[in-house]
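**Q** Model the full structure from these sequences, guided by the hints.
There are 2 protein chains.
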Amino acid sequence: MENKAPYKVKMIDILKGAHEVLLNKEDAEELGLRTQDRVKVVRGKGESLSAVVDITDTLVSKGEAGAFIELWRDLDLREGGKVYIVPTSRPASIDFVRKKIYDNAWSQEEINTIVDDIALGKLSDIELAAYTTAVQINGMSMDEITWLTMAMVRTGETLEWESAPILDVHSIGGVPGNKYAPITVSIVAANGLTIPKTSSRAISSAAGTADIMEVVCNVEQDGQSIKRIAQKVGGALVWGGGMNLAPVDDAIIRVEYPLSLDPHGQVLASVMAKKKAVGAEYCVIDIPMGEGAKITTSEEAKRLARDFIILGERIGVRTRCAITYGGQPVGRAVGPALEIREVLSVLEGAKEPNSLIEKALSLAGILLELGRVARPDRGLELAKKTLESGEALEKFKEIIEAQGGNPDIRADDIMPGKYTYELPSPKDGYIEAINNRAIIKIARSAGSPKDKGAGITLGFKKGEGAEKGETLFTIYAENKRKLDDAKTLASKLQPIRIEGMVLGEVVG
Amino acid sequence: MENKAPYKVKMIDILKGAHEVLLNKEDAEELGLRTQDRVKVVRGKGESLSAVVDITDTLVSKGEAGAFIELWRDLDLREGGKVYIVPTSRPASIDFVRKKIYDNAWSQEEINTIVDDIALGKLSDIELAAYTTAVQINGMSMDEITWLTMAMVRTGETLEWESAPILDVHSIGGVPGNKYAPITVSIVAANGLTIPKTSSRAISSAAGTADIMEVVCNVEQDGQSIKRIAQKVGGALVWGGGMNLAPVDDAIIRVEYPLSLDPHGQVLASVMAKKKAVGAEYCVIDIPMGEGAKITTSEEAKRLARDFIILGERIGVRTRCAITYGGQPVGRAVGPALEIREVLSVLEGAKEPNSLIEKALSLAGILLELGRVARPDRGLELAKKTLESGEALEKFKEIIEAQGGNPDIRADDIMPGKYTYELPSPKDGYIEAINNRAIIKIARSAGSPKDKGAGITLGFKKGEGAEKGETLFTIYAENKRKLDDAKTLASKLQPIRIEGMVLGEVVG
Chain A
34 MENKAPYKVK MIDILKGAHE VLLNKEDAEE LGLRTQDRVK VVRGKGESLS AVVDITDTLV
94 SKGEAGAFIE LWRDLDLREG GKVYIVPTSR PASIDFVRKK IYDNAWSQEE INTIVDDIAL
154 GKLSDIELAA YTTAVQINGM SMDEITWLTM AMVRTGETLE WESAPILDVH SIGGVPGNKY
214 APITVSIVAA NGLTIPKTSS RAISSAAGTA DIMEVVCNVE QDGQSIKRIA QKVGGALVWG
274 GGMNLAPVDD AIIRVEYPLS LDPHGQVLAS VMAKKKAVGA EYCVIDIPMG EGAKITTSEE
334 AKRLARDFII LGERIGVRTR CAITYGGQPV GRAVGPALEI REVLSVLEGA KEPNSLIEKA
394 LSLAGILLEL GRVARPDRGL ELAKKTLESG EALEKFKEII EAQGGNPDIR ADDIMPGKYT
454 YELPSPKDGY IEAINNRAII KIARSAGSPK DKGAGITLGF KKGEGAEKGE TLFTIYAENK
514 RKLDDAKTLA SKLQPIRIEG MVLGEVVG
Chain B
34 MENKAPYKVK MIDILKGAHE VLLNKEDAEE LGLRTQDRVK VVRGKGESLS AVVDITDTLV
94 SKGEAGAFIE LWRDLDLREG GKVYIVPTSR PASIDFVRKK IYDNAWSQEE INTIVDDIAL
154 GKLSDIELAA YTTAVQINGM SMDEITWLTM AMVRTGETLE WESAPILDVH SIGGVPGNKY
214 APITVSIVAA NGLTIPKTSS RAISSAAGTA DIMEVVCNVE QDGQSIKRIA QKVGGALVWG
274 GGMNLAPVDD AIIRVEYPLS LDPHGQVLAS VMAKKKAVGA EYCVIDIPMG EGAKITTSEE
334 AKRLARDFII LGERIGVRTR CAITYGGQPV GRAVGPALEI REVLSVLEGA KEPNSLIEKA
394 LSLAGILLEL GRVARPDRGL ELAKKTLESG EALEKFKEII EAQGGNPDIR ADDIMPGKYT
454 YELPSPKDGY IEAINNRAII KIARSAGSPK DKGAGITLGF KKGEGAEKGE TLFTIYAENK
514 RKLDDAKTLA SKLQPIRIEG MVLGEVVG
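One line per chain: the protein sequences are A and B, in this order. Per our numbering: the first sequence = residues 34 to 541. Per our numbering: the second sequence = residues 34 to 541.
Hints were generated in silico from the structure; no laboratory data involved. Hints are supplied without guarantee of correctness; some may be wrong.
Pairs count within a copy or across copies, as identical chains cannot be separated in the list.
[As the list claims (entries may be wrong)] With a cut-off of at most 27 Å between alpha-carbon atoms, the simulated DSSO-like pairs for lysine-lysine come out as follows:
no.	residue 1	residue 2
1	95	483
2	58	474
3	95	525
4	43	474
5	132	335
6	495	460
7	132	501
8	95	78
9	474	451
**A** Following this line, the structure appears as structure tokens:
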């Protein structure tokens, strides 16, 4: 290497998802490198990282090496510092991705190599997309899924607990208004169990549990804070992104998103790796099923449930699954502030919405049985008692306080966006369908989840009868333009069908 | 759109392969955009292009829009100019890619949409990689391949000819030293036929026909020049990249390369689209078969040959295939200067190397029959006569001159790299195997194809006997360092096996 000149480092502030280095075209030609080839980038002191090559005519000059963010950060580079560029062969994991393309099974060692290479940022978007597509088409055996799950746990942060048992609950998502978690977690923790629930923010949904909780407290907590909170009050409701849980999963989700792919084995590994990483010993998985949900048939739901249970057994997380109704929104509110208001009102004693109360109670019931504070088949009863007695509300206030929020907050204190639009029913009739995807899109268009006050409330649910002139739904927004955007979208997407009549046509 | 502020354009000089726009994180959040989402980028005058979103913290500021090269060029942007950014839904072709992932057949209209979207730079690397992986796994029917081929022709430049017939010849590659084309084309053109042969430069091989021809003349010719040259002297031997032939193929090859994928249907469409685009009516395809070639079994070779013939028939290019021996290099020279020297020496009357002469003659023979200047089964005889009479050499000189080279050049004038290394045989024995991949890698490591004088000559071919001390191969390079690199690699890759003995172990 002595006879090769070093390159001058220039920071290129673009996230690539992998370690990538930008070279001038002339240097690349001299080194015999094409776009997507591999090099070792060696820092002065001999530390090095493998990187994928990008080529430019002018953004870096001859003799300069552009370091994209991940490479800059992980190799701890400085502007103007020196690096050596050494062409190398591509990582072995690309041959393993090719194996799956040719429908051959992976060994545990091969999966470990793939996961390590993804964790180290060695695979480009092209290679990750090929991985995801091949896994979608050719699938994975339960052995492969198990090894993948354990490898994803191993390459991320994990929590260890002195106390036992640790419980967790997770929904595979896809249904708007799915705000059971604050109620379920409060009931379980109120019964003396420990349930450190990590959630996502909304990616393509209207609001994640983390977005909802953020209206009343701080959800960005690191691993040690999560542990401290859960050990103090029994429950936590935080954003999973505050910990580095199974980071390889995030890299894969990045390429799944534009393709709308969600391979069966990857879903299993993704969910269970995060549960295992937070130290859960018992876990309940909510599988919403119905028209417009991720899972539409009972066969699919049962297969997924069975595989969650088998995978849980293999990685030491005892798992039960609840197949729930996902054919329309849960409850009547969609959007962060509207949802936490509905949660608070249920905890404060409201007798509806039924769909939310029943779902939260039944998931809590299973968890209480798993945690052995309720005898088999008596969990639901205990959950109901805990909610009705106000103990769940008290516990929720403790959780809010432990996460830095105001424990005295009440449902009535929560203010949704002040710009509203109400759609009156154009006739008397029964609600035939509510389109989940359309509701999500309209809520997002109104500003949810970033604008906490944005969202939708439903005046009626499926099967209910509305009279002409009654409000079918209300859109909330924090500014006029977004309200108008959401109205326009509602007019186009026709989210509610009332006895054969398509509603969008009369909006506006 | 009136109430949304325009963004200030900043050029980002990175090739993305698709139209991509770089936004500041704050702007992206405000617009509700994630990496890989789609927007319409609208220029002041109302012209617009669809683009994929990238996000940065600092490379562009809030209010700026970074235009990557393809977007900058195709939307004709200026530094500091104004654009509007409008979030849009993703192109329909992504749903069609998903169709292939789920193993459903494409309609002609769907394939046209995919090809148009790729041509317009609407698909990101992730989506193109999913396309390639899905086509590799689930394949394409002959209908789909035909539609794909025609769509790829339609979206690129094409040549129209007044004269007829137009002939062409193409090798699917994979074998080093495969320098038949200058000889074959010269023989065919010498017999009054028109054969405008476009070739690639080496991508992963040691030298493409374009790299070889470039040693003696100018291969970078645009469509009109190709036509003028071929109409004047009957033959042309130029780089295909000088025309915009089937540009969609180049976009797909960009993602196939890092994955080492070469889906059957894509290979067929790629080759035949380029032949159709240059206006070929008759075409011969060379399919090298053997250990270390792209095609290793006779079944694969026959299937590929049959499909080339069927596809040719459907798109109006009458095609014949020659399955040739590809288990070791063709001739004895690998690398641009060394190969053109071998070509010239054969045209000047040399009686060997046999493997090169026989291959060039048999491909020329088929073309002469297709062009009806030889009766069936008499093409080889005419080809041989044309070579031996010196007419092929005269024609080759005309082609060189028409392409701006010196027609008086002789084999002995060609000088390979002056740094050489000869490997002596360690013992008496027969050559058992020559590893194509290893020969290619060593030649590339010595500097081929960029350093025209770099490469390898083989002292012996498979089955020949060498005596101890005789030179098995010679490496040529244009500088000492690359010679040393190639020697080191030769020592590692063990390119020649001589009666059970692995040669690499004694190199150096």
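**Q** Now tell me, hint by hint, if it's right for this structure.
**A** Tested hints:
Proximity of residue 95 and residue 483 under a CA criterion of 27 Å is satisfied inter-copy only: 18 Å between copies versus 43 Å inside one chain copy. Only between protomers do residue 58 and residue 474 lie at most 27 Å apart by alpha-carbon distance; the minimum there is 22 Å, versus 43 Å within a single protomer. Proximity of residue 95 to residue 525 under the C-alpha cut-off of 27 Å is found in neither arrangement, the shortest distances being 52 Å within a copy and 31 Å between copies. For a Cα distance limit of 27 Å, the shortest separation of residue 43 from residue 474 qualifies neither inside one copy, at 41 Å, nor across copies, at 31 Å.
In this assembly of identical chains, the alpha carbons of residue 132 and residue 335 lie at most 27 Å apart only when taken from different copies (25 Å versus 30 Å within one copy). Taking CA atoms no more than 27 Å apart as the test, residue 495 paired with residue 460 passes inside one copy only; the shortest distance there is 16 Å, against 87 Å between copies. Taking the shortest Cα distances, residue 132 and residue 501 never come within 27 Å of each other, neither inside one copy (61 Å) nor across copies (42 Å). Taking the shortest Cα distances, residue 95 and residue 78 sit within 27 Å of each other inside one copy (23 Å), while across copies they are farther apart (37 Å).
In this assembly of identical chains, residue 474 and residue 451 lie within 27 Å of each other by CA distance solely inside one copy; the values are 20 Å within and 68 Å between copies.
This entry does not satisfy hints 3, 4 and 7, going by the numbered hints stated previously.
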